[in-house]
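*Asks:* Here is what each chain is made of, one letter per residue.
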Amino acid sequence: MRIGKELAVIGVGYTNFGDNFEMSYYDMVINATYDALEDAGITNDDIQAAWLSTVFPFAYGFEGNAGTSLSDPVNLFGKPVTRVGACGAGGMEAFRNAALAVSSGEYDIVLAVGCEKMRDVKPRESLVVNSLESGHPLLYKGRTAPGMFGLIAHRYMKTYNYPRDIFAKVAVKNHHNGVLNPKAALQSEVTLEQVLNAPMIASPLGLMDCAPAADGAAAIVITTVENAKKMDRTFSRIDAISVAVTEGYFSSQSNQKNDFLGFSSTRIAARDVYKKTGINNPVKELDLVECHDCFTVTEIINYEDLFLCDPGLGGKMIDDGSTFITGDIPVNPSGGLKSFGHPIGATGVRMIAEIHNHLHERAGKRQVELNNYRGIAHTLGGPGSIAAIVMLSKDV
Amino acid sequence: MLGISDITVYLPHYYLDPVDLKRAWNAKLTINKSVANFDEDAISMSVESARLLEKFDEANGLIFCSTTSPYELKQASAVISAVLDMNNNIISIDISNSYRGLTAGIIAGLGILSLKRVNNIIVTSGEIFRAKPNTSAERLLSDGAASVMLSYDNVVLKYIDSVSMSSDFYDIWKKKDDVYPLEGDSAFVHKYGFSKMMTDSIKNILKINNLDVGNISKFAINAPDSRNLKQVKTKLGIADKAMISEKLISTYGYFGTAGAGIVLYETLLQSNQGDILLLGNYGNGNCDVVLFRVTECINEFKKKKLSIETFSNDIEIISYYRYLSFRKLIDSCYEIVPFSSPLILWKEIKQTLNLVGSKCNKCGAIFFPKKRVCSECNAKDNYYDHKLPLTGTVFTYTQDSVGSSLNPPTQMVVVDLDGGGRFYGQLTDCDKNINIGDRVEFTFRYFHKGGGYLNYFWKLKPSKVIRG
Chain A
109 MRIGKELAVI GVGYTNFGDN FEMSYYDMVI NATYDALEDA GITNDDIQAA
159 WLSTVFPFAY GFEGNAGTSL SDPVNLFGKP VTRVGACGAG GMEAFRNAAL
209 AVSSGEYDIV LAVGCEKMRD VKPRESLVVN SLESGHPLLY KGRTAPGMFG
259 LIAHRYMKTY NYPRDIFAKV AVKNHHNGVL NPKAALQSEV TLEQVLNAPM
309 IASPLGLMDC APAADGAAAI VITTVENAKK MDRTFSRIDA ISVAVTEGYF
359 SSQSNQKNDF LGFSSTRIAA RDVYKKTGIN NPVKELDLVE CHDCFTVTEI
409 INYEDLFLCD PGLGGKMIDD GSTFITGDIP VNPSGGLKSF GHPIGATGVR
459 MIAEIHNHLH ERAGKRQVEL NNYRGIAHTL GGPGSIAAIV MLSKDV
Chain B
315 MLGISDITVY LPHYYLDPVD LKRAWNAKLT INKSVANFDE DAISMSVESA
365 RLLEKFDEAN GLIFCSTTSP YELKQASAVI SAVLDMNNNI ISIDISNSYR
415 GLTAGIIAGL GILSLKRVNN IIVTSGEIFR AKPNTSAERL LSDGAASVML
465 SYDNVVLKYI DSVSMSSDFY DIWKKKDDVY PLEGDSAFVH KYGFSKMMTD
515 SIKNILKINN LDVGNISKFA INAPDSRNLK QVKTKLGIAD KAMISEKLIS
565 TYGYFGTAGA GIVLYETLLQ SNQGDILLLG NYGNGNCDVV LFRVTECINE
615 FKKKKLSIET FSNDIEIISY YRYLSFRKLI DSCYEIVPFS SPLILWKEIK
665 QTLNLVGSKC NKCGAIFFPK KRVCSECNAK DNYYDHKLPL TGTVFTYTQD
715 SVGSSLNPPT QMVVVDLDGG GRFYGQLTDC DKNINIGDRV EFTFRYFHKG
765 GGYLNYFWKL KPSKVIRG
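Respectively, the protein sequence lines represent chains A and B.
Quick note: the first sequence uses the numbering used here, first residue 109, plus one each step.
Quick note: the second sequence uses the numbering used here, first residue 315, plus one each step.
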């Protein structure tokens, strides 16, 4: 999108991600939202409109099926609150719609929230049942989220002649980063052998190649740069937002043009974001990338789709440490979906908040070195049918 | 010239592991017991055999014979004819309740043909057995299917005559609420059952046609076991080489209604032009004997068909536990019951049962499922129905353990079809590792019982050279 007004992120907040057994959906929405409001130095009364992302509101109830699931817990009564759905990219769609509303001049201060309560049911009951028991009675039956990425992993290994190790190395890196992040779901280092010997889920992907189902919520307050300066808040500038939607939830697998080596949606969105911001060499011009590593293979194909390297060199990038926190271009210093956890509707909002925290050197032990004061967050939805990318920067 | 123009046989992918059975019950499995996969039933296997008939698309009648039809109320023949893409103006009939169904179907079908309203009738039969563990039935019954095409022209077996007999006899039966079949007194059955009735019926037809046993070149007799068959052979003085079915049954077991087709197929392969062939069939006190003359078409038939022995080349051994789990004789996993809707199935019947997708008139792009707006050239509603080719090459794959399956893991494949189009679905009948570049073909399977009825669809399986 071409953003009309200059826009700013002035406050972010997120809960711990993981098995939040002691918290309800509402508890998480309240905690994330009030953290963001406090960070922005405002109250809920100052919010003029809000967008909510929840992907599976119907897994067990109705929480998250409409804007009421945000207005009810945090008293936004009488204000326009919209629920958006864009599968895994939902959080960024909430953020984009909120940003556009400010850009249009209709509102000055808005809120984007993502929340997913996945662990009030057994993990194997929520998503497995959704993908295997719902949907078309016959077409694509047997497809699961890991299975979809197993297809890509086999094709990737065969095409570029990589061993399974390259996927495992992503898990090792992101587990390591997760240990540096107190809010991450997984807090343990793993070895290459542990990852390779984990039970097989969808070949060639094992259990430790998969991001865990998790509970979590994240919230962001958006206003104009002008307003942020007037309010005397530290802010990140929203440089660009791009969303590309391609095939439907299932049809990408039966599209003969799909090479199963990446997602055209990410490539389209990345080209658009780099073009709008004049980025020619993302590895040199960005300080960090948070990308959608729902499975380890996904992070590797994202390297290529985000043009951090040429096609086929994603495996080499993890192999040579380029994407470590200390590397040329840190990818998922937060631990990524792999360690942070993946509460689907919340993830996109959480990633943007992560970029904001790094830009303001608030990322603790996982803080990346800042040279350009600019980073991107990327989510996939559907899976791979939707890609969203947000670029934030800090004025220096 | 009324008769049979084609015969096909379908054997499922597995043999039961005899070592496992020995370990479980200390019982000896002497046959190659064919075991249908978890995603097969009498309907799907009948489809698989009927699809092998060279001119199945020329049939305008279909008779389905089975004692193990998955429906008690709903015509299986209607499902099968829909999968074979036969039009609605056909006659379809189910014959049930007796192992002699296939010959009843043949005799009835020939009768319908002689009314001259239809030209070709498929008589198809499939059986999937759920025998009580550790019984002789478990060690004797094999799953499989066979189809015959009844025609006026180009018959390989010209119909000569038939006799039937019917009696109220208690050798095997199963009431509606019985889990397994019940059996009568074995000595009594041995004396007055199959062997007596078959011997009498054969004597009868020979007498009517002024023939001696010696005039019959080949006896194709579907018997519940080889011991009873041997008795018929001895009583009538039939020569060893005239009775192939004895060895067939002792090697592969008893296929119920499908058995008559399998026995006829194998016997015909060893026949010559001019031979008189006798097809004998029996079930629960009912007996059919049909006489055929082998025509000149036999030479062409023999060139195209392979003996059942050669089918066994790529058959895999299935463990006793998996077999029990396939037949729901043990409770092994959570059964996924997906959403289904008869309205969706009705709307999409051509897509589901006949694999009809779309091909863009403007740019030629192929889509399955069909696309009204072409995602290649943007043309709207400018396409024609395109039936997918039945073979292709694996583009990529995964073995998925997330969901539960009676034969885990679920194997998913993305297949580039020969001549264009891509299909994403399940791979079955493959315990070996599948690889990118492997050849696969469509196979019709039972999917699930969502909606409370049986949902069928197509899967892929590794391509085989061997066909019935």
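Mixed in with the good hints, there may be bad ones.
With a cut-off of at most 20 Å between alpha-carbon atoms, the simulated SDA-like pairs for lysine to any residue come out as follows [claimed, not checked]: (1) LYS365(A) / LYS746(B); (2) LYS365(A) / LYS490(B); (3) LYS365(A) / GLY751(B); (4) LYS266(A) / LYS694(B); (5) LYS746(B) / PRO307(A).
Sample of chain A residues with no beta-carbon within 10 Å of chain B, all distances over it, derived [stated by the list, open to error]: (6) THR176; (7) LEU240; (8) ARG345; (9) ARG375; (10) THR385; (11) SER430; (12) LYS502.
The set of hints was computed from the structure by calculation and includes no laboratory data.
Remember, it's a predicted structure, so these values are computed and weren't measured experimentally.
All C-beta atoms, glycine included, are put in the ideal place defined by N, C-alpha and C.
*Asks:* Closest CB-CB distance from LYS502(A) to chain B, is it above 10 Å?
*Replies:* holds (40 Å)
*Asks:* Are all beta-carbon distances from THR176(A) to chain B longer than 10 Å?
*Replies:* Holds, since 27 Å exceeds 10 Å.
*Asks:* Straight-line Cα separation of LYS746(B) and PRO307(A) no greater than 20 Å?
*Replies:* Since the Cα atoms of LYS746(B) and PRO307(A) sit roughly 19 Å apart, the hinted pair holds (cutoff 20 Å).
*Asks:* Grab the minimum beta-carbon distance between ARG345(A) and chain B and tell me whether it stays above 10 Å.
*Replies:* ARG345(A) is indeed farther than 10 Å from all Cβ atoms of chain B, at 36 Å.
*Asks:* Under the criterion that the straight-line Cα-Cα distance not exceed 20 Å, is the pair LYS266(A), LYS694(B) satisfied?
*Replies:* violated (37 Å)
*Asks:* Just want to verify: SER430(A) was marked as not at the interface with chain B; is every Cβ pair farther apart than 10 Å?
*Replies:* Fine: 27 Å to the nearest Cβ keeps SER430(A) off the interface.
*Asks:* Checking one constraint from the list: CA of LYS365(A) to CA of LYS490(B), max 20 Å. Satisfied?
*Replies:* Given pair LYS365(A), LYS490(B) is violated - Cα atoms ~53 Å apart, limit 20 Å.
*Asks:* Does the no-contact call for ARG375(A) survive, Cβ to all of chain B over 10 Å?
*Replies:* Answer for ARG375(A): holds, closest chain B Cβ roughly 17 Å.
*Asks:* Assess, step by step, whether the Cα of LYS365(A) is no farther than 20 Å from the Cα of GLY751(B), and give holds or violated.
*Replies:* holds (17 Å)
*Asks:* Could you let me know if the closest chain B CB is still more than 10 Å away from the CB of THR385(A)?
*Replies:* holds (30 Å)
*Asks:* Please verify whether LYS365(A) and LYS746(B) have alpha carbons no more than 20 Å apart.
*Replies:* violated (28 Å)
*Asks:* Quick check for students: does the CB of LEU240(A) sit more than 10 Å from each CB in chain B?
*Replies:* Given a closest Cβ separation of 5 Å, the condition is violated.
The structure shown violates the earlier hints numbered 1, 2, 4, 7.
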